[in-house]
Amino acid sequence: NAGVTQTPKFRVLKTGQSMTLLCAQDMNHEYMYWYRQDPGMGLRLIHYSVGEGTTAKGEVPDGYNVSRLKKQNFLLGLESAAPSQTSVYFCASSYPIGQPQHFGDGTRLSIL
Amino acid sequence: TQLLEQSPQFLSIQEGENLTVYCNSSSVFSSLQWYRQEPGEGPVLLVTVVTGGEVKKLKRLTFQFGDARKDSSLHITAAQPGDTGLYLCAGAPSNTGKLIFGQGTTLQVKP
Numbered sequence: 001n002a003g004v005t006q007t008p009k010f011r012v013l014k015t016g017q018s019m020t021l022l023c024a025q026d027m028n029h030e031y032m033y034w035y036r037q038d039p040g041m042g043l044r045l046i047h048y049s050v051g052e053g054t055t056a057k058g059e060v061p062d063g064y065n066v067s068r069l070k071k072q073n074f075l076l077g078l079e080s081a082a083p084s085q086t087s088v089y090f091c092a093s094s095y096p097i098g099q100p101q102h103f104g105d106g107t108r109l110s111i112l
Numbered sequence: 001t002q003l004l005e006q007s008p009q010f011l012s013i014q015e016g017e018n019l020t021v022y023c024n025s026s027s028v029f030s031s032l033q034w035y036r037q038e039p040g041e042g043p044v045l046l047v048t049v050v051t052g053g054e055v056k057k058l059k060r061l062t063f064q065f066g067d068a069r070k071d072s073s074l075h076i077t078a079a080q081p082g083d084t085g086l087y088l089c090a091g092a093p094s095n096t097g098k099l100i101f102g103q104g105t106t107l108q109v110k111p
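Chains S and P are the protein sequences, given in the same order.
Counting along the first sequence from 1, when you hit position 1 you're at 1 in the working numbering, and nothing is skipped either side.
Counting along the second sequence from 1, when you hit position 20 you're at 20 in the working numbering, and nothing is skipped either side.
Watch out, some of these pointers could steer you wrong.
Said to hold, decoys possible - Straight-line C-alpha distance at most 25 Å; calculated DMTMM-like pairs for lysine to aspartate or glutamate: (1) P:59 to P:17; (2) S:71 to P:41; (3) S:14 to S:105; (4) S:9 to P:38; (5) S:9 to P:41.
Calculated directly from the structure, the hints in this document are not laboratory data.
Starting from the given sequences, assemble the full structure and let the hints guide the process.
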């Protein structure tokens, strides 16, 4: 069972470049989430989706966009990368209403 | 803003010692979850507590949910090097579907 798969695992960008982080889940979960993890700050929610075709803002949405065109995929985009977006990004999925979340192994992103 | 405060943030102990990690909030949560994260991996769920006063045991780990559902604790008995990792508590306020995470407790158990 693959669970939640994130690609790529590592990436280095220059300031101003754009990229898309991919997340795929094979558990038929309705909810999907994108978090960023920074030292001493736990996991902070960027955007989330409660179903195919729907997205919503989380705690720290600025500078990011998302799309959920298919139930199993959730994409996170950075249109113009900034050094402040250097972080480890985690995708997660779950059944609704606060159910346990299943996480991918993260994407380590560095913006120079 | 609903916050979850974890303490301590860092803990370094010798193998065989006991420890307790705390997760506190001023808000009521419908449930609290504990996750463990190892370097280079995503968090993995350890347990969910849903009832005020609930105690759950997972081998040497004991989880408790406060009576008022505002706080939780994780107690590890006779810690082992394999317990080393980042422990995160997360709460689901008012069945919103979103989780709020504490800042985490980094545990190091030395052999």
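Against the structure, the hints come out as follows:
A distance of roughly 15 Å separates the Cα atoms of residue 59 (chain P) and residue 17 (chain P); the hinted pair therefore holds under the 25 Å criterion. Between residue 71 (chain S) and residue 41 (chain P) the CA atoms are separated by roughly 24 Å; this keeps the pair inside 25 Å, and the hint holds. Between residue 14 (chain S) and residue 105 (chain S) the alpha-carbon distance is near 23 Å, which keeps this suggested pair within the 25 Å criterion. Distance check on the hinted pair: residue 9 (chain S) and residue 38 (chain P) sit about 16 Å apart at the alpha-carbon level, within 25 Å; holds.
This hinted pair checks out: residue 9 (chain S) and residue 41 (chain P) have alpha carbons roughly 11 Å apart, not beyond 25 Å.
Checked against the numbered hints listed earlier, the structure breaks none of them; every hint is satisfied.
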